[in-house]
Amino acid sequence: MSTMVATNKKSFGSAIWDYLTTVDHKKIAILYLVAGGFFFIVGGLEALAIRWQLVQPMNDFVSAGFYNELITMHGTTMIFLAAMPLIFAFMNAVVPLQIGARDVAFPFLNSLGFWLFFFGGIMLNVGWFTGGAADAGWTAYAPLSTTSPGHGVDYYVLGLQISGAGTLIAGINFLVTIVNMRAPGMTYMRMPLFTWSAFVASALILFAFPALTVGLFLMMFDRLFDSGFFNSSMGGNSVIWQHLFWIFGHPEVYILALPAFGIFSEIISTFSKKRLFGYTAMVFATVLIGFLGFMVWAHHMFTVGLGPAANSIFAVATMAIAVPTGIKIFNWLFTFGGVEIFK
Numbered sequence: 001m002s003t004m005v006a007t008n009k010k011s012f013g014s015a016i017w018d019y020l021t022t023v024d025h026k027k028i029a030i031l032y033l034v035a036g037g038f039f040f041i042v043g044g045l046e047a048l049a050i051r052w053q054l055v056q057p058m059n060d061f062v063s064a065g066f067y068n069e070l071i072t073m074h075g076t077t078m079i080f081l082a083a084m085p086l087i088f089a090f091m092n093a094v095v096p097l098q099i100g101a102r103d104v105a106f107p108f109l110n111s112l113g114f115w116l117f118f119f120g121g122i123m124l125n126v127g128w129f130t131g132g133a134a135d136a137g138w139t140a141y142a143p144l145s146t147t148s149p150g151h152g153v154d155y156y157v158l159g160l161q162i163s164g165a166g167t168l169i170a171g172i173n174f175l176v177t178i179v180n181m182r183a184p185g186m187t188y189m190r191m192p193l194f195t196w197s198a199f200v201a202s203a204l205i206l207f208a209f210p211a212l213t214v215g216l217f218l219m220m221f222d223r224l225f226d227s228g229f230f231n232s233s234m235g236g237n238s239v240i241w242q243h244l245f246w247i248f249g250h251p252e253v254y255i256l257a258l259p260a261f262g263i264f265s266e267i268i269s270t271f272s273k274k275r276l277f278g279y280t281a282m283v284f285a286t287v288l289i290g291f292l293g294f295m296v297w298a299h300h301m302f303t304v305g306l307g308p309a310a311n312s313i314f315a316v317a318t319m320a321i322a323v324p325t326g327i328k329i330f331n332w333l334f335t336f337g338g339v340e341i342f343k
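For the sequence shown, my numbering gives the first residue as 1, with consecutive numbering after it.
Zero decoy hints are in this set.
Dumping the calculated DSS-like pairs for lysine-lysine here, alpha-carbon to alpha-carbon at most 30 Å: (1) K26 - K10; (2) K273 - K26; (3) K274 - K26; (4) K10 - K27.
Calculated directly from the structure, the hints in this document are not laboratory data.
Use the sequences and the hints to build the structure in full.
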């Protein structure tokens with residue numbers, strides 16, 4: 001018996017190789033979790049350096065230029081490389097099980113999406129070792145990004161392109177999985193709330209990330225070939241980058257928030273020992289948040305001169321998106337109704 005156990009036990013090296021080559025959705029979930037934890041530590045160390053610099057006035061812990069690099073890399077790392085993989089970890093681990101599927105629709109693409117994300121994250125940080133990281137702020141507004149010396153912003157562009165391709169692949173994969181691989185009888189209105197939130201978040205990824213991809217390509221051409229897309233003296237317009245970035249950037253807020261809302265819904269329902277109050281309203285609120293998420297990007301740009309009409313429209317849309325969010329919060333509270341929370 002002991003011989004059999006020893007024979008079947010995998011060595012450490014073979015276990016690592018198994019994870020490096022896996023297409024199993026549960027193991028890929030672990031890979032996303034580990035990679036997200038690693039980048040969270042990196043971003044956390046950058047945040048600690050920022051706070052140490054600010055601990056007292058006129059501190060000289062880091063130079064002004066290095067501080068800009070820390071700000072840029074911390075924001076980019078936490079949004080793209082720490083928060084996103086955490087969401088995909090939960091989606092990989094939970095969604096196939098909730099809809100009764102054996103795996104995602106395209107297991108190999110699931111693995112490819114992770115490795116593109118991971119190597120994109122590594123590429124993003126290469127600048128630290130080649131003379132300086134990106135220093136144009138995590139939003140990379142032109143002309144700061146197009147005129148930044150060195151190659152830090154070039155690695156920023158390349159890293160986000162690679163990582164974004166992986167995220168886009170993963171989003172498409174989950175859309176196809178949820179649409180085509182639900183168990184018999186699992187209609188859309190029987191899907192768990194977390195699966196609904198993953199479905200809407202994946203749709204947001206499908207429509208939001210191409211805008212960022214286009215913006216990054218234009219920035220790359222401006223930096224490498226002096227094309228002038230964001231240079232007003234050459235007929236370009238730096239506000240174009242702001243539009244492209246925030247057309248992606250605000251839906252990104254809901255790409256991260258909606259799966260978290262789905263997790264809240266599952267936890268509250270489970271520990272209240274009752275069906276979530278207003279399930280249908282929660283589903284439509286989730287979809288409405290995703291829809292309105294594409295109509296509010298310009299509230300980041302009220303000072304660029306869009307005009308009072310445009311500012312008013314985007315202000316109203318920004319207030320309107322609070323309505324479906326409020327529906328969720330009140331339904332969570334109503335689910336607690338009649339439940340003894342403190343014992």
